[in-house]
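Model the full structure from these sequences, guided by the hints.
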Amino acid sequence: MRRVLHLEKIFISQYLKQTMEYKADFIVGVLGVLLNQILNLIFLQVIFSQVPKLAGWSLQQIVFIYGFALIPKGLDHLFFDNLWIVGQKLVRKGEFDKYLTRPINPLFHVLVETFQVDAFGELLVGVILLVMSSATVHWTLLKVILFVVSIPFATAIYTALKIGTSAAAFWMKKSNTITYLFYMFNDFAKYPVSIFNHLIRWIISFVIPFAFTAFYPASYFLTGKNVLFNLGGLVVISVVFLFISIKIWDKGISSYESAGS
Amino acid sequence: MTNFLRKYRPFVSAGIEEAIVYRANFILFALGNTLGAFVTYFLWKAVFQSSTNSSLNGFTFPEMVLYIFLSFFTGILTSSDGSSSVGDEVKDGSIAMRILKPISFTANYFYEEIGSKLIDVGVLAVPLFGGILIYQIVGEGTPVLNLVNLLLYFFSATIAYLINFYFNICFSFTVFFFRNLWGSNVLKNALVIFMSGSLVPLAFFPPVLQNVLKLLPFSSLLYTPVMLYLGKYSAQQTVSVLLLQIFWLIFFIFLAKIVWHFAIKHLSIQGG
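Same order as they appear, the protein sequences are chains S and E.
Heads up: the first sequence begins at 59 in my numbering, then just goes up one per residue.
Heads up: the second sequence begins at -15 in my numbering, then just goes up one per residue.
Warning: the hint list may mix true and false statements.
Subject to a maximum C-alpha distance of 25 Å in a straight line, what follows is the list of computed BS3-like cross-link-like pairs (lysine-lysine) [as the list claims (entries may be wrong)]:
| no. | chain 1 | residue 1 | chain 2 | residue 2 |
| --- | --- | --- | --- | --- |
| 1 | E | 29 | E | 216 |
| 2 | S | 147 | S | 232 |
| 3 | E | 85 | E | 249 |
| 4 | S | 305 | S | 151 |
| 5 | S | 81 | E | 101 |
| 6 | S | 75 | S | 147 |
| 7 | E | 85 | E | 75 |
| 8 | E | 172 | E | 75 |
| 9 | E | 85 | E | 241 |
| 10 | S | 232 | S | 151 |
| 11 | S | 305 | S | 147 |
| 12 | S | 156 | S | 232 |
| 13 | E | 249 | E | 216 |
| 14 | E | 101 | S | 147 |
| 15 | S | 232 | S | 305 |
| 16 | S | 151 | E | 75 |
| 17 | S | 232 | S | 309 |
| 18 | S | 232 | E | 75 |
| 19 | S | 111 | S | 283 |
| 20 | E | 216 | E | 101 |
| 21 | E | 216 | E | 241 |
| 22 | E | 241 | E | 172 |
| 23 | E | 101 | S | 232 |
| 24 | S | 75 | E | 75 |
| 25 | S | 147 | E | 75 |
| 26 | E | 29 | S | 111 |
| 27 | S | 81 | E | 85 |
| 28 | S | 309 | S | 231 |
| 29 | S | 156 | S | 67 |
| 30 | S | 81 | E | 249 |
Pair ranges (Cβ atoms, derived) [stated by the list, open to error]:
| no. | chain 1 | residue 1 | chain 2 | residue 2 | range |
| --- | --- | --- | --- | --- | --- |
| 31 | E | 221 | S | 99 | 28 to 38 Å |
| 32 | E | 191 | S | 257 | 34 to 44 Å |
| 33 | E | 128 | S | 104 | 27 to 37 Å |
| 34 | S | 107 | E | -1 | 47 to 57 Å |
| 35 | S | 305 | E | 128 | 23 to 33 Å |
| 36 | S | 97 | E | 96 | 28 to 38 Å |
| 37 | S | 257 | E | 87 | 49 to 59 Å |
| 38 | S | 286 | E | 17 | 46 to 56 Å |
| 39 | E | 249 | S | 265 | 50 to 60 Å |
| 40 | E | 84 | S | 192 | 51 to 61 Å |
No lab work stands behind these hints, which were simulated from the structure alone.
The structure displayed is predicted, hence computed values, not measured ones.
Glycine included, each C-beta is placed from N, C-alpha and C at the ideal position.
If you want it as structure tokens, here you go:
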């Protein structure tokens, strides 16, 4: 474990050096991510200027769900963004060879190699929104503990979907558009599932289970109801998906062929 | 002859395979983006269901549905990728090759983009625009399909594309100062999505903000063609929004020329 943390630290500082090569660009980019989230909030504000409640939820409650959604998304983005590159070019160009020749687990190496600092935009906005709307939640010690515990499981759902879909590249050479298609379903997670039709509700609950990264856990904190489904479901889904995606990854690596030229 | 065919057939199938893979990627990518439009659709559906009014800021629910999907389609139709290509080429230095050629820098990008754009829009127009038309014909309470509005839409969307092309070229020159375009692209896209009305119709903003946004070039990129399609403008308004679009087009064509003139002196290429 200490070796893992040590390696992670080295990789992060290496990556920061790369990013800082374009300092001005980086700062503008973080501002852009922040602005994007602020404009989305204005969008919510516009919607709530038309109606007092949306499908039974108040603006404050929606803001809490929205803020909650940004935390696991931001954490996955911050630490594990390199998975995109696997499906985009690492396999296709044969650059994946590098990971197989190192004395560390290839999946671990891929995961820790980048440290996507622009994710701080999402995380910062997420925290601000949660703080702003936290008065709507009746906090108890149990809820605080469950909140802290639920975050890594919710993050793992994002990471699992990315591992599984990027592993498709081992057979197809290029799979980043599949990852993208899956990933875009996270947009649905930020709102109450009751506004969607049955098909979409089913997909985002059990097939591409982003609803468990935000709406379900957040609705437990807001209403205190259905802890077994809302949080128990999160833990089960996240463990199952992570397990399956690692299996796919391992199977993929064994059929990896380097690109010949 | 058969020998000849046998020898070269693998190349044909490789070519077809490559084209299919490229298209499949493009379609998956577009499908991913469509999801965003569906989220917006369900949100507005919930809003209209929770509201006691049947029309919000002049939009009925069927009009809103058309607005959401048509603005999504218009976004694809008028998108221009010039700025990220310039960004990448400055980063890896290959822009030097373009500058060496005795042809116009902007025209070079323009014709390259038109080629791929025709195919991409063609592939998407059938399901997306087809879906919009079917909804308009069979849906209840939808605005009547109107040929004049349809023509106005395509005319206005074409100008919108040209404005966007030149705007992106101007914008891409910031790469000569930042030396990377990732950050400013994120910032630009957030602003454009908001100010062009693709996130929410401009009619939903407070009157003062609305009037400012309608004069800025961004509304010409998306809001104008979509509103023309929905038939929201009187004859007089139609003429004035089209004139405004043409004004912004000319403005950005000239700006692109001026900025190019100065930017070329700042070009420093990293690596070789």
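Checked hints:
1. With a CA separation close to 21 Å, the supplied pair residue 29(E) and residue 216(E) stays within the 25 Å bound.
2. For the given pair, residue 147(S) sits about 7 Å from residue 232(S) by alpha-carbon distance, which is consistent with the 25 Å threshold.
3. Between the alpha carbons of residue 85(E) and residue 249(E) the distance comes to roughly 17 Å, so the proposed pair stays at or under 25 Å and holds.
4. This hinted pair checks out: residue 305(S) and residue 151(S) have alpha carbons roughly 23 Å apart, not beyond 25 Å.
5. Pair hint residue 81(S) plus residue 101(E) does not hold up; C-alpha atoms about 33 Å apart against a cutoff of 25 Å.
6. The suggested pairing of residue 75(S) with residue 147(S) holds, with an alpha-carbon distance near 22 Å, which does not exceed 25 Å.
7. At most 25 Å may separate the alpha-carbon atoms for a hinted pair to count; residue 85(E) and residue 75(E) meet this at roughly 19 Å.
8. Simply put, residue 172(E) and residue 75(E) have alpha-carbon atoms about 19 Å apart, close enough for the 25 Å limit, and the pair holds.
9. Of the pairs offered as hints, the one joining residue 85(E) and residue 241(E) holds, with about 17 Å between alpha carbons and a cut-off of 25 Å not exceeded.
10. For the given pair, residue 232(S) sits about 10 Å from residue 151(S) by alpha-carbon distance, which is consistent with the 25 Å threshold.
11. As the CA atoms of residue 305(S) and residue 147(S) are separated by approximately 22 Å, the hinted pair is consistent with the 25 Å bound.
12. The straight-line distance between the Cα atoms of residue 156(S) and residue 232(S) is roughly 17 Å, inside the 25 Å bound, and the hint therefore holds.
13. For the given pair, residue 249(E) sits about 46 Å from residue 216(E) by alpha-carbon distance, which is inconsistent with the 25 Å threshold.
14. Annotation: proposed proximity of residue 101(E) to residue 147(S) holds, straight-line Cα distance about 24 Å (limit 25 Å).
15. Taken as a hint, the residue 232(S) and residue 305(S) pair is honoured in the structure, with Cα atoms around 19 Å apart against an allowance of 25 Å.
16. About 20 Å separates the Cα atoms of residue 151(S) and residue 75(E), which keeps this hinted pair within 25 Å; it holds.
17. This hinted pair checks out: residue 232(S) and residue 309(S) have alpha carbons roughly 16 Å apart, not beyond 25 Å.
18. Annotation: proposed proximity of residue 232(S) to residue 75(E) holds, straight-line Cα distance about 24 Å (limit 25 Å).
19. Between residue 111(S) and residue 283(S), the direct Cα distance comes to roughly 20 Å. Compliance with the 25 Å bound is thereby established for this hinted pair.
20. Of the supplied pair hints, the one linking residue 216(E) and residue 101(E) is violated, its CA atoms being roughly 28 Å apart against a limit of 25 Å.
21. Between the alpha carbons of residue 216(E) and residue 241(E) the distance comes to roughly 35 Å, so the proposed pair goes past 25 Å and is violated.
22. A threshold of 25 Å between alpha carbons decides the hint, and for residue 241(E) with residue 172(E) the separation of about 20 Å falls inside it, so the pair holds.
23. Taken as a hint, the residue 101(E) and residue 232(S) pair is honoured in the structure, with Cα atoms around 22 Å apart against an allowance of 25 Å.
24. With a C-alpha separation of about 17 Å, the suggested pair residue 75(S) and residue 75(E) falls inside the 25 Å cut-off, and the hint holds.
25. Proximity of residue 147(S) to residue 75(E) is assessed by CA-CA distance (about 18 Å); at most 25 Å being required, the pair is judged to hold.
26. Restraint check for residue 29(E) and residue 111(S): the C-alpha separation of about 13 Å stays at or below 25 Å, so the hint holds.
27. Between residue 81(S) and residue 85(E), the direct Cα distance comes to roughly 32 Å. Violation of the 25 Å bound is thereby established for this hinted pair.
28. Using a Cα cut-off of 25 Å, the hinted pair residue 309(S) and residue 231(S) holds, with the two alpha carbons roughly 14 Å apart.
29. At most 25 Å may separate the alpha-carbon atoms for a hinted pair to count; residue 156(S) and residue 67(S) meet this at roughly 20 Å.
30. Under the criterion of a C-alpha separation no larger than 25 Å, the hint pairing residue 81(S) with residue 249(E) is consistent with the structure, at around 22 Å.
31. Distance hint check for residue 221(E) and residue 99(S): the Cβ-Cβ separation is about 31 Å, which falls inside the suggested range of 28 to 38 Å.
32. Hint check: residue 191(E) to residue 257(S), Cβ distance near 40 Å, so the stated range 34 to 44 Å holds.
33. With their beta carbons about 28 Å apart, residue 128(E) and residue 104(S) fall inside the hinted range of 27 to 37 Å.
34. One distance hint, 47 to 57 Å for the beta-carbon pair residue 107(S) and residue -1(E), holds here, with the actual separation near 54 Å.
35. Checking the proposed 23 to 33 Å range against residue 305(S) and residue 128(E) shows it is violated: the Cβ atoms sit about 55 Å from each other.
36. A hinted range of 28 to 38 Å for the beta carbons of residue 97(S) and residue 96(E) is consistent with their spacing of about 31 Å.
37. The hinted range of 49 to 59 Å is satisfied by residue 257(S) and residue 87(E), whose Cβ atoms lie roughly 51 Å apart.
38. Residue 286(S) and residue 17(E) have their C-beta atoms about 36 Å apart, which leaves the hinted 46 to 56 Å range violated.
39. Taking 50 to 60 Å as the suggested C-beta distance range, the pair residue 249(E) and residue 265(S) conforms, at roughly 55 Å.
40. Roughly 59 Å separates the CB atoms of residue 84(E) and residue 192(S), a value that falls within the hinted 51 to 61 Å.
Hints 5, 13, 20, 21, 27, 35 and 38, counting from the list given before, are not met by this structure.
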